[in-house]
Amino acid sequence: TQLLEQSPQFLSIQEGENLTVYCNSSSVFSSLQWYRQEPGEGPVLLVTVVTGGEVKKLKRLTFQFGDARKDSSLHITAAQPGDTGLYLCAGAPAAGNKLTFGGGTRVLVKP
Amino acid sequence: NAGVTQTPKFQVLKTGQSMTLQCAQDMNHEYMSWYRQDPGMGLRLIHYSVGAGITDQGEVPNGYNVSRSTTEDFPLRLLSAAPSQTSVYFCASRGQGPSWLPYNEQFFGPGTRLTVL
Chain A
224 TQLLEQSPQF
234 LSIQEGENLT
244 VYCNSSSVFS
254 SLQWYRQEPG
264 EGPVLLVTVV
274 TGGEVKKLKR
284 LTFQFGDARK
294 DSSLHITAAQ
304 PGDTGLYLCA
314 GAPAAGNKLT
324 FGGGTRVLVK
334 P
Chain G
9 NAGVTQTPKF
19 QVLKTGQSMT
29 LQCAQDMNHE
39 YMSWYRQDPG
49 MGLRLIHYSV
59 GAGITDQGEV
69 PNGYNVSRST
79 TEDFPLRLLS
89 AAPSQTSVYF
99 CASRGQGPSW
109 LPYNEQFFGP
119 GTRLTVL
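Respectively, the protein sequence lines represent chains A and G.
Read in order, the letters of the first sequence are residues 224 to 334 in our numbering.
Read in order, the letters of the second sequence are residues 9 to 125 in our numbering.
These aren't lab readings, by the way, just hints derived from the structure by calculation.
What you were told as hints is all true, and nothing was included just to trick you.
Taking lysine to aspartate or glutamate and the DMTMM-like style, the derived pairs with C-alpha atoms no more than 25 Å apart in a straight line are:
| # | chain 1 | residue 1 | chain 2 | residue 2 |
| --- | --- | --- | --- | --- |
| 1 | G | LYS22 | G | ASP46 |
| 2 | A | LYS321 | G | GLU80 |
| 3 | A | LYS280 | A | GLU228 |
| 4 | A | LYS321 | G | ASP81 |
| 5 | A | LYS293 | G | GLU67 |
| 6 | A | LYS333 | A | GLU238 |
| 7 | G | LYS17 | G | GLU67 |
| 8 | A | LYS279 | A | ASP290 |
| 9 | A | LYS321 | G | GLU38 |
| 10 | A | LYS333 | A | ASP306 |
| 11 | A | LYS333 | A | GLU261 |
| 12 | A | LYS293 | G | GLU113 |
| 13 | A | LYS321 | A | ASP294 |
| 14 | A | LYS280 | G | GLU113 |
| 15 | G | LYS17 | G | ASP81 |
| 16 | A | LYS321 | G | GLU113 |
| 17 | A | LYS279 | A | ASP306 |
| 18 | A | LYS321 | G | ASP46 |
| 19 | A | LYS333 | A | GLU264 |
| 20 | A | LYS280 | A | GLU261 |
| 21 | A | LYS321 | A | ASP290 |
| 22 | G | LYS17 | A | GLU261 |
| 23 | A | LYS321 | G | GLU67 |
| 24 | A | LYS282 | G | GLU113 |
| 25 | G | LYS17 | A | GLU264 |
| 26 | A | LYS279 | A | GLU240 |
| 27 | A | LYS293 | A | GLU228 |
| 28 | A | LYS321 | G | ASP64 |
| 29 | G | LYS17 | G | ASP34 |
| 30 | A | LYS321 | G | ASP34 |
| 31 | A | LYS279 | A | GLU238 |
| 32 | A | LYS293 | A | GLU277 |
| 33 | A | LYS279 | G | GLU113 |
| 34 | G | LYS17 | G | ASP46 |
| 35 | A | LYS282 | A | GLU238 |
| 36 | A | LYS280 | A | ASP294 |
| 37 | A | LYS333 | A | GLU240 |
With the hints as constraints, model all of the structure from the sequences given.
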């Protein structure tokens, strides 16, 4: 069974500060996805990283896939209250269709 | 285009009761799945289907049944509800092929919050 550990579990920061969320595993994934989930809604895909060492930017969000494809990070620059939510990482195995989700990081950005 | 729809949004059951959680998608997606979400545990896969007539077990299938008679619908059945099944249930769908392909983005429904007393 492939496991994904996210850290921290909860993060509370002031508007304008930076934050980083980590997603780690001892297993290799063919790709890794990051989702954001708001209360009462389903997760929404933010990005998919596929290549080891890949860096993708989505406005103030920067996603990185580790060289060995076992870990990933999400960095938010100058966080805003609209960034508040539950961030989930999910890894796809080399073969098969099943995604493995991390436990999630709850981010609260206070104005 | 409604995307992925789930009904009901909330449900309270007594131990031993049965019910069906409905899921439908209008994107002609082949791949559909059911997840449960519990605090601190992310999303865990219950059952999934790669097309009409084909289903398979996920990580936590016990106590749940599924069927896929059409491309659009993928209901989840609880035959005899237990308090351990109290959770938020999400249905998701995507196109066939590797999940990392851009056109294979997975879409989630809004969820069903189930409480078993």
